[in-house]
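Chemist: Chain by chain, the residues:
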Amino acid sequence: MMDEPLSRSTVEAFYAAYASRDPIRVAPFLADDVEWHLAGPVDLIPFCGYRRGREAVIDYLARGVPSVFAGMRFELDDLVIEGSRAGLFSKVSAVQNTSGRVIHYRCAHFITFRAGKVVSLQGLSDTFDMVEQVVGHRIDAYHDAQSTMPTDLVTV
Amino acid sequence: VNATLDHNFADATGRVLPPWLATYYRAYLSRDAKALAAVLHEDVEWCIRGPVDQFDFYGVRRGREAVIELVARIIPCYLHLTAFTFDAVLIEGEHAAVYGRLRARQRDTGRLICFRVAQNLRFRGGKLISFSVISDTFDAVEQMVGHPIDVTREMQSVPEDMFSEL
Numbered sequence: 001m002m003d004e005p006l007s008r009s010t011v012e013a014f015y016a017a018y019a020s021r022d023p024i025r026v027a028p029f030l031a032d033d034v035e036w037h038l039a040g041p042v043d044l045i046p047f048c049g050y051r052r053g054r055e056a057v058i059d060y061l062a063r064g065v066p067s068v069f070a071g072m073r074f075e076l077d078d079l080v081i082e083g084s085r086a087g088l089f090s091k092v093s094a095v096q097n098t099s100g101r102v103i104h105y106r107c108a109h110f111i112t113f114r115a116g117k118v119v120s121l122q123g124l125s126d127t128f129d130m131v132e133q134v135v136g137h138r139i140d141a142y143h144d145a146q147s148t149m150p151t152d153l154v155t156v
Numbered sequence: 001v002n003a004t005l006d007h008n009f010a011d012a013t014g015r016v017l018p019p020w021l022a023t024y025y026r027a028y029l030s031r032d033a034k035a036l037a038a039v040l041h042e043d044v045e046w047c048i049r050g051p052v053d054q055f056d057f058y059g060v061r062r063g064r065e066a067v068i069e070l071v072a073r074i075i076p077c078y079l080h081l082t083a084f085t086f087d088a089v090l091i092e093g094e095h096a097a098v099y100g101r102l103r104a105r106q107r108d109t110g111r112l113i114c115f116r117v118a119q120n121l122r123f124r125g126g127k128l129i130s131f132s133v134i135s136d137t138f139d140a141v142e143q144m145v146g147h148p149i150d151v152t153r154e155m156q157s158v159p160e161d162m163f164s165e166l
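So the sequence lines, in the order shown, correspond to chains A and B. In this text, residue positions in the first sequence follow the numbering used here: the first is 1, and each later residue adds one. In this text, residue positions in the second sequence follow the numbering used here: the first is 1, and each later residue adds one.
These aren't lab readings, by the way, just hints derived from the structure by calculation. Heads up, a few of these hints could be off.
Stretch-level coverage of chain A by chain B, calculated; a stretch enters the list once three of its residues show a Cβ under 8 Å from a Cβ in chain B [claimed, not checked]:
1. 37 to 49
2. 107 to 115
3. 122 to 131
Partial list, computed: chain A residues near chain B (C-beta under 10 Å) [to be verified]:
4. 87
5. 139
6. 143
Listed below are several chain B residues computed to face chain A (Cβ distance under 7 Å; list not exhaustive) [as the list claims (entries may be wrong)]:
7. 49
8. 90
9. 116
10. 137
Idealized CB from N, CA, C, for every residue including glycine.
Please model the entire structure based on the sequences and the hints provided.
Modeler: Right, here's the structure in full:
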């Protein structure tokens with residue numbers, strides 16, 4: 001059975017629910033077996049990574065994102081819809097919960113819907129920019145993390 | 001589907017790219033200045049988001065000549081593109097959103113680098129007028145520098161008066 005073509009209003013309603021991070025608003029948009037992947041350094045931005053299933057995604061929204069950001073807003077720059085898929089390009093503004101700093105970064109989401117529910121979301125963000133804002137300074141990329149690790153191991 | 005220059009460009013669903021988009025990607029991936037000139041609008045706006053102070057292929061370029069300079073001459077100084085995989089290609093009129101994987105060999109080290117990209121493309125009269133790219137830049141930069149990044153190390157600025165006596 002072919003899915004009905006995706007409407008702009010469905011995508012925008014989902015995006016508004018996603019930005020709200022309110023499980024009650026988001027849950028109706030998620031398929032039971034939804035796959036959700038946000039690329040990024042999980043050790044620095046814990047809400048990045050892969051989730052599978054509605055419960056895991058709800059947990060990400062209700063606990064994962066708030067562990068880093070106290071508030072979050074998406075401003076949609078561009079949207080392309082074809083068939084049951086949508087590509088969104090956005091600006092994100094978020095408040096870091098530990099510092100109160102407002103953080104801005106760009107992201108893209110490619111979302112596949114089935115019968116009006118999200119079955120797959122793939123997200124990419126300018127993570128270098130995001131991490132620099134989270135740590136609060138410009139990063140020297142050429143400095144090796146391993147060279148500054150504690151040297152308390154002794155080779156005999 | 002891996003895109004090579006003689007390939008019929010298609011995404012993961014098997015859907016073949018329309019000729020105008022395939023022509024653009026063929027020029028883009030070939031890094032050929034003449035082919036690029038034919039597919040770029042004179043007033044093209046181009047943006048690859050990322051740390052422009054660490055790699056100068058990131059950032060904004062405006063105009064056909066600046067984009068050709070970037071794609072045909074600056075990027076090849078860093079990377080030799082070996083493949084582009086189209087995972088998703090969405091099209092509405094002359095507007096396309098592409099989610100793909102880019103593979104390249106770093107020119108200095110020979111290391112193979114692979115990262116995902118989201119590309120937002122707008123065409124006018126069959127020519128590219130706007131192109132913006134978002135990628136997992138932290139991962140991409142770690143691959144390019146060849147080691148995990150120590151985020152505690154702050155970039156040191158050059159003091160403003162350093163060159164005052166020169």
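Chemist: Now, for every hint given, state plainly whether the structure supports it.
Modeler: Against the structure, the hints:
By the rule of at least three residues with a Cβ nearer than 8 Å to a Cβ of chain B, the coverage given for the stretch 37 to 49 of chain A holds, with 4 such residues. Chain B is given as covering the stretch 107 to 115 of chain A, and this holds because 3 residues of the stretch bring a CB closer than 8 Å to a CB of that chain, at least three being needed. Check on the stretch 122 to 131 of chain A: 9 of its residues sit with their Cβ under 8 Å from a Cβ of chain B, so the three-residue criterion for coverage holds. For residue 87 of chain A, the suggested interface contact is upheld, since its CB lies about 3 Å from the closest CB of chain B, less than 10 Å.
A cut of 10 Å between beta carbons decides the hint on residue 139 of chain A: the least distance to chain B is about 5 Å, and the hint holds. A distance limit of 10 Å between C-beta atoms decides the matter here; for residue 143 of chain A the minimum to chain B is near 4 Å, and the interface restraint holds. The closest approach between the C-beta of residue 49 of chain B and any C-beta of chain A is roughly 4 Å, which is under the 7 Å cut-off, so the hint is satisfied. Taking 7 Å as the C-beta contact cut-off toward chain A, the hint placing residue 90 of chain B at the interface holds, the least distance being around 4 Å.
Taking 7 Å as the C-beta cut-off, the interface hint given for residue 116 of chain B holds, the closest approach to chain A being about 6 Å. Given hint, residue 137 of chain B at the interface with chain A, holds; its Cβ is 4 Å from that chain's nearest Cβ, closer than 7 Å.
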